Structures are given as structure tokens and as C-alpha cells.
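Since chain A is already given, all that's left is putting chain B on it; use the hints.
Note that the protein sequences, when read in sequence, are chains A and B.
Using the working numbering, the letters of the first sequence correspond one by one to residues 1 to 231.
Using the working numbering, the letters of the second sequence correspond one by one to residues 1 to 314.
Worth flagging that the hints you see were computed from the coordinates, not collected in a lab.
All values derive from a computational prediction rather than experimental measurement.
The C-beta atom is built at its ideal place from N, Cα and C for all residues, glycine as well.
Careful: at least some of the hints might be erroneous.
Each pair of labels, with its calculated beta carbon distance range [what the hints assert, rightly or not]:
1. A/K72 / B/L128: 43 to 49 Å
2. A/K72 / B/H29: 53 to 59 Å
3. B/R106 / A/M54: 53 to 59 Å
4. B/E304 / A/N5: 53 to 59 Å
5. B/H29 / A/G89: 38 to 44 Å
6. A/E123 / B/V288: 45 to 51 Å
7. B/T107 / A/T175: 43 to 49 Å
8. A/E116 / B/A210: 30 to 36 Å
9. B/T107 / A/M54: 22 to 28 Å
10. B/Y77 / A/S55: 58 to 64 Å
11. A/T175 / B/V291: 52 to 58 Å
12. A/K72 / B/A151: 54 to 60 Å
13. A/Y11 / B/F183: 30 to 36 Å
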Amino acid sequence: MLELNKINAGYGRAQILRDLSLTVSPGEILCLLGRNGAGKTTTMQAIMGLLPLMSGAVRLEGEEISKPAAHKIAGRGIGYIPQGRRLFGELTVAQNLEIGLRAGRSGPEVLEDALELFPRLRERLTQRAQTLSGGEQQMLATARALCLRPRILLLDEPTEGLQPSMIAAIRDVITVMRDRGVGILLVEQRVDAVLSVADRVAFIENGRNLETLEAEALRRDPGLIAKHLGV
Amino acid sequence: MSDSTKTVILHGGLLALLFLLQFLLPAYHHGNLARIMVLATFAMGYNVMFGYTGLLSLGHALFFAAGMYGMGLAMQYAGAGPVLAMSAGLVASIVVALVVGLLALRTAGVGFMIVTLMFAQAGYLIILYYGAWTRGDEGLVMPQALRMLGAIDFSQPGPRYFAALGLFATGFLLTLWMMRSPFGKVLIAIRENEERARMLGYDVFRYKLAAVVISGTLCGLAGAAYGLLFGYVGATFASVQYSIFPLLWVLLGGAGTVIGPLIGTLFMFYLIDLSSAVTSAYMLVAGVVLVLLTLFAPQGLAGELRARVWRGLP
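Same shape as in the complex, but just chain A (with noise of 0.2 Å):
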């Protein structure tokens, strides 16, 4: 379980997330929902060891992760995949591949079930990565992720600019991922792709929480996002 206690975190002296809490469960998927500058992006990145808390711990199966570098956190089995993507351009679509299953000291059963999941990135294994479609680099990102072979995956708009058909596959892998075990925490602009695959859904304002609940609430009567995303 990941968990998030009472973080505070910001960019030098601009505080951004105040008290921020969050557990994300073992085959869970928690969607993050707020507007612009809410916090969003900066909770994963917090998470991730990229900006150093204030105050607050993050914790990963009841193990504190605030204090070690960026590097090793991810060593301990969190896949980041940021918004935008940002492949290895130049290597090939394998070498991306290669780096991510050297990093996470995957064998090729891993490599397999990626391509399995993605079978699009099987026929561009030669491809050089930033000469593939946007939806392809989505697959590509999210496949190196899964290389790691990761307990927490954090994916920050991962349908981002995407034409729908890819989105769906995108999608579709997210639930495979979550019926694993892996628990996800997702930030998504798209109220309805979040409402399509999470289980509980965080509303933040202002780098604090306003309320967690349950999907299927939001699912049943819409009203509430309304109510607290102000739209």
C-alpha cells in the first residue's frame, strides 16, 4: 500500500501541497480530480522523491521512501509514467524496452507480457521512439513502465491528446494492471475516462483534500463532481 501522510511540498518557498493525505490499495485504481494548479502533478512528484517534502512522510507497504534519492525509490517498485511521456528518443523501441527491464532486473517473461499487453509495439521494435505516434509513445511509456515490473504505478494524464481508440486500449491496460494487484493512482483532466476505470476518486483544491469517494457514487449521480470540481 502506498500512503501519503500529511505531506507538504512546493517549488522552493511556494508552498503547493498542504496536509495532503492519500492511501492507494493493492489492485486499486484512485483517481486524482481537481482543477488547474490544484496539486495534482505535484503529489506525484512528491511521491517520486523529485521535490523534497517539508513535512510528512510517503510510505510504501508501511516502509518510509520520503528520505532516499529519487533513483531508489523507484528501485523499491514505483513506475512513473509523467505527463508527456518523454521516451529515449533516439534509442529504439526494444532499447527503450531494454532499459527499463535492466532497471527493474526483469527477465524476458516481462518483456513478453508487455508486448503482449501492447502487441501495436511489437511490430516497431526497430523503430527509433520519437518517430512513433503519439498513442504509440503512450503504449511504449506505459509498457518500459511496466518493465519495472511495479507494485505502485502513478500515471499523470496518460490519455493526454490521444485519438480514442487508444485511449480505450490505454484504458483497457490500466484495468489489467489493477486486477494484478498493482495498485494505480491516476491524474486525469477527463472526468468521464476517470469515472470509466477508478475505484475511488480524491478531489484536492488547493494542494489540500477536499473529500474522497467512491466511484460508483460519482457514477450514480453526477451531481457530485459538479459540486466539488465547481463546473
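Just chain B, lined up with the frame of chain A:
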């Protein structure tokens, strides 16, 4: 034809050609090519850091000079033969690269460029300051009697060419192997996106430090070999000019390609050599050609080959 086959043919063919050229070239070009191969090894070392890892250093003269003076001082004052003197040069360059790497890698971007430049300038001034030992600008001439390994006299054109080829081939094959290995792929990943590599769990500092040490060692070996093969060790080789040269050679040849450093060094060497035979304004000619190349082949000669002909060129 697979990429691996093409790689073997191109790189193996190049080494075979360099081997054969020693029997075909007239004396003048024979000597030039030996010098070019040593300098190309210097450029290959620079390429490991700049071309593959994305670390732009302005202080590589320090590594070249560390190897050169490590070798030269051991030969001059301890009477060391070629093997011992080269070993001293190797150790000196590894130690200097490790120290510079540990300190300079705490900075990035422009800060890294300035820190490496300052280290190199400090090295240059130390050589001048201890002129009683190093002979400063005047330099040291290596005793010919010590430049012999058994019956092999490195001051003679044949053994000199062969030793230069051996050094070049070692650096060339090491770079080729390294960049096709998982380690090399991680270096390229760091160049492409350092933060992403870190988020995948790679200790970026350690990888970059390894790149600095490998780069510094190759450059130091080239410096030691230069002093041994051409019999001279001087402060000029520690000056800022020798920090800029490898950058130019790599940019001209193609950063991040294995053959680029040789192409760039060869091109630049003969550009200056040929233009200086025609006019005293040879640096102007070199400058114009460099500007044209930058405009029409911005990725360097081998880089353009990769972009236009063979995407898989390592």
C-alpha cells in the same frame, strides 16, 4: 543485410584499411596518419562524455596532459621504460578523471562547462608553476633510449604507426562494444532524458562518473602515447586550445557515432595542413569551411550519414 553485419563490415573494414595504409602511404602522410590516430583516440574519449552522455566539457586538455605528464615525468625522472611510463600515465589520468568527475558532476549545463574549464586551466598553471620539473612551455624531450621496448624503437615510423594503430583500435573497439552494451544504452538514455532515467531507478550520478572516468582514461592514454611516440611533452597540450580541439573534431565528425571522431580529426588535420600550404590565412579558410559544414551538415559528417543513409550507424 542486418545492422550487425553492416557494423562489422564498416568498422572492421576501417581498421583493416588503416592497417594496410602503413604500407602504401608516403613518409609524410604515414607520420601524419599516426599522429591523427592518436589524436582521434583523444577525440573518441571526448565523444564518450559529450557525444554519448551529453556532458559538454571544456577541460579535456587536463586529461590529455595528465596522461602525457604522468608518462613523461616517469620516463624523464625515474628512467621508466615505455610500459612503466605508460602505466604511470594511465594511473594519472584515472585519478585526475575521478577527482574532476566527483567534483564537477555536482554541477550541470553551463556550470559544468565552467568548472571543467577551470580545472583544466588550473592544471595548465600548475604545469607552468612547477617549471623546474616540467620545463613549462619549453617542455621535455623524451630520451630516445627509453622509448624502446626491447628491439622495438617507437621513434621509428613503422613501430610508431603500429603502436598508434593499436591504441586507436583499442579505443575504437572499446567504444563500439560499450555503446552496444546495456551500459552504453543507459548513457544514451541519460543524454536523452536524465530525469526519466533517474525515475526508472538508475543512479545517474554513478553512470555519469563512470563516463567521465572512461573518457578521461582514453584521453589520458592518448596523451601518454603522444608523448611516447612523438618524443615531446609540453605545456601547450594542457592549454585551452587542446580542450577545444576534441570538441571541434567530434562535432565535425559526428557526435555520438563511433567513426565520427576519426573522420573529424582527419578532416580538420588535413584542412589546416593543406590550406596552410596555400595561404598564410589558413585559419580563415578553416573557419569558412567549418561554418559551411555547420550550416549544411549540422550533425557532423558521420551524423549526416546516419540521418540520411543508415539510421542504425552506431
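Each hint, compared with the structure:
1. The beta-carbon spacing between A/K72 and B/L128, approximately 45 Å, falls within the hinted interval of 43 to 49 Å.
2. The beta-carbon spacing between A/K72 and B/H29, approximately 54 Å, falls within the hinted interval of 53 to 59 Å.
3. Checking the proposed 53 to 59 Å range against B/R106 and A/M54 shows it is violated: the Cβ atoms sit about 24 Å from each other.
4. B/E304 and A/N5 have their C-beta atoms about 55 Å apart, which keeps the hinted 53 to 59 Å range intact.
5. Between B/H29 and A/G89 the CB atoms are about 41 Å apart, so this pair conforms to the stated range of 38 to 44 Å.
6. For the pair A/E123 and B/V288, the beta carbons lie near 47 Å from each other, so the given range of 45 to 51 Å is met.
7. The hinted range of 43 to 49 Å is satisfied by B/T107 and A/T175, whose Cβ atoms lie roughly 45 Å apart.
8. One distance hint, 30 to 36 Å for the beta-carbon pair A/E116 and B/A210, holds here, with the actual separation near 35 Å.
9. For B/T107 and A/M54, the hinted distance range of 22 to 28 Å is satisfied, since their beta carbons lie about 26 Å from each other.
10. Taken as a hint, the range 58 to 64 Å holds for the pair B/Y77 and A/S55, whose Cβ atoms sit roughly 60 Å apart.
11. Checked against the hint of 52 to 58 Å, the pair A/T175 and B/V291 passes, with Cβ atoms roughly 57 Å apart.
12. At roughly 56 Å, the beta carbons of A/K72 and B/A151 sit within the given window of 54 to 60 Å.
13. The hinted window of 30 to 36 Å between A/Y11 and B/F183 holds, with their beta carbons roughly 34 Å apart.
In this structure, only the earlier hint numbered 3 is contradicted, and the remaining ones agree with it.
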